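Protein chains: 2
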Amino acid sequence: MPPTSIPVPSLRRLPSYLRRLHIAVEQGVAYVSSRQLGAAAGVPAAQVRKDLTWVDQEGRPGRGYEARALAAQLELTLGLREQKRAVLVGAGNLGSALAAYPGFGPCGLRIVALFDKDPAVVGKRVAGFVVQPVDSLARVAAEHQVDMGIITVPAEAAQSVAEAMVAAGIGVIWNYAPTTLRLDAGIYVQNQDLAAELALLSYQIVRRRGE
Amino acid sequence: MPPTSIPVPSLRRLPSYLRRLHIAVEQGVAYVSSRQLGAAAGVPAAQVRKDLTWVDQEGRPGRGYEARALAAQLELTLGLREQKRAVLVGAGNLGSALAAYPGFGPCGLRIVALFDKDPAVVGKRVAGFVVQPVDSLARVAAEHQVDMGIITVPAEAAQSVAEAMVAAGIGVIWNYAPTTLRLDAGIYVQNQDLAAELALLSYQIVRRRGE
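Protein chains in written order, with numbering that gives the first Met the number 0: chain A, 0 to 210; chain B, 0 to 210.
Among the clues, some could well be false.
Where chains are identical, the list cannot tell them apart; a pair therefore holds if satisfied intra-copy or between any two copies.
As the list claims (entries may be wrong) - Think about it this way: if two alpha-carbon atoms lie no more than 20 Å apart in a straight line, the pair counts; the simulated SDA-like pairs of lysine to any residue are:
id, residue 1, residue 2
1, K49, L199
2, K116, Q189
3, K49, G170
4, K49, V121
5, K123, G91
6, K116, P6
7, K49, Q82
By construction, these hints were calculated from the structure, which means they are not laboratory data.
Bear in mind the structure is a predicted one, so any value in this text is a computation, not a measurement.
Chain A extracted, bound-state conformation:
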């Protein structure tokens, strides 16, 4: 692991490079150029080369990067080869969808428990889990050495759920509720703001109308 942390804009592009490299490996292609990697992330080749200095890989002039080796290095850097455990609070449709999402396992994530505060939902089977009451969060988090909490409750319930996660010793939170959480600076919160993503699509739609 590098001693300094990778700057966020570079970090955000690494999964796009990795996805492109996986395609190359699947297709039996040995080398991928920085131009090809850049196309996958929407940046110029020079930016790719700069980003990849953080993961300590250099391309070969005229050939590019060795796809399998660079993919392995990126997986290592991003921690995708280590097992990580998460709990999910909010067993509604979005929570159920994430609990059953097939793309998380290959990234080393295992969701170990599902919680809800609604007594009508607690005890029911959702995506293969028996939904537990939020009161049990601290016990379960300690038992399973949980790394991350995923929040899929409505906006008005998110702050109290986040505080319960922090109290249970969880330091990384993936927040799907459309609200800004107020937590200690030491807690890493990643907001999955679907409305912000929609804004980018909205811009494209309205531009097309003007054409």
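Got chain A sorted already, so can you dock chain B onto it with the hints?
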């Protein structure tokens, strides 16, 4: 609408600024500084000022940006005040969650119909919609002047669904399936790659273990 399109990195920050401005307006705060806007998006104040030249707003030295006016301008630029219509294909958990998501309405998005190819699901009521067969997509898209297609089917079904959307005249696609779609260059595809988002969290979790 500006004649040239806003560069993607700047564009991606505008929703963060907008969210921060909405908080200010809610709190009755009249001005927001570029430093405060930058904190919301994780960039320095100078970058904020540069980004906002695209939406034709200048701050006042020493006071910052007028929150209400800049929010209105950003909403206009991003097309959030115009009505946009979408269809959603894939009435599983994720599709149901998105169909019921309360954050889209305020952005001007209306989902007009839900589709699924599974005959066991077609005809059922999901999130207030009667699920329709994918065969009806072209007819419904023309009838409602649909702007966007949302794909929430499994990866292996996504390409054929995307092609059906394009054939129905839809030019903007929001793809939640964890796969790369191969479509004409004129089609705007935005991938919501949850595994890529997870990679950023994975990096944080593994770094914390090393501390």
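Hints, one by one, checked against the model:
1. K49 x L199: Answer is between: at 18 Å across copies they meet the 20 Å cutoff, but 26 Å inside does not.
2. K116 x Q189: This pair counts as neither: shortest intra-copy Cα distance 22 Å, inter-copy 34 Å.
3. K49 x G170: neither (30 Å within a copy, 34 Å between copies)
4. K49 x V121: neither (49 Å within a copy, 50 Å between copies)
5. K123 x G91: Both: 12 Å inside a chain and 18 Å across chains, each within 20 Å.
6. K116 x P6: neither (37 Å within a copy, 43 Å between copies)
7. K49 x Q82: Neither, since 29 Å and 41 Å both go past 20 Å.
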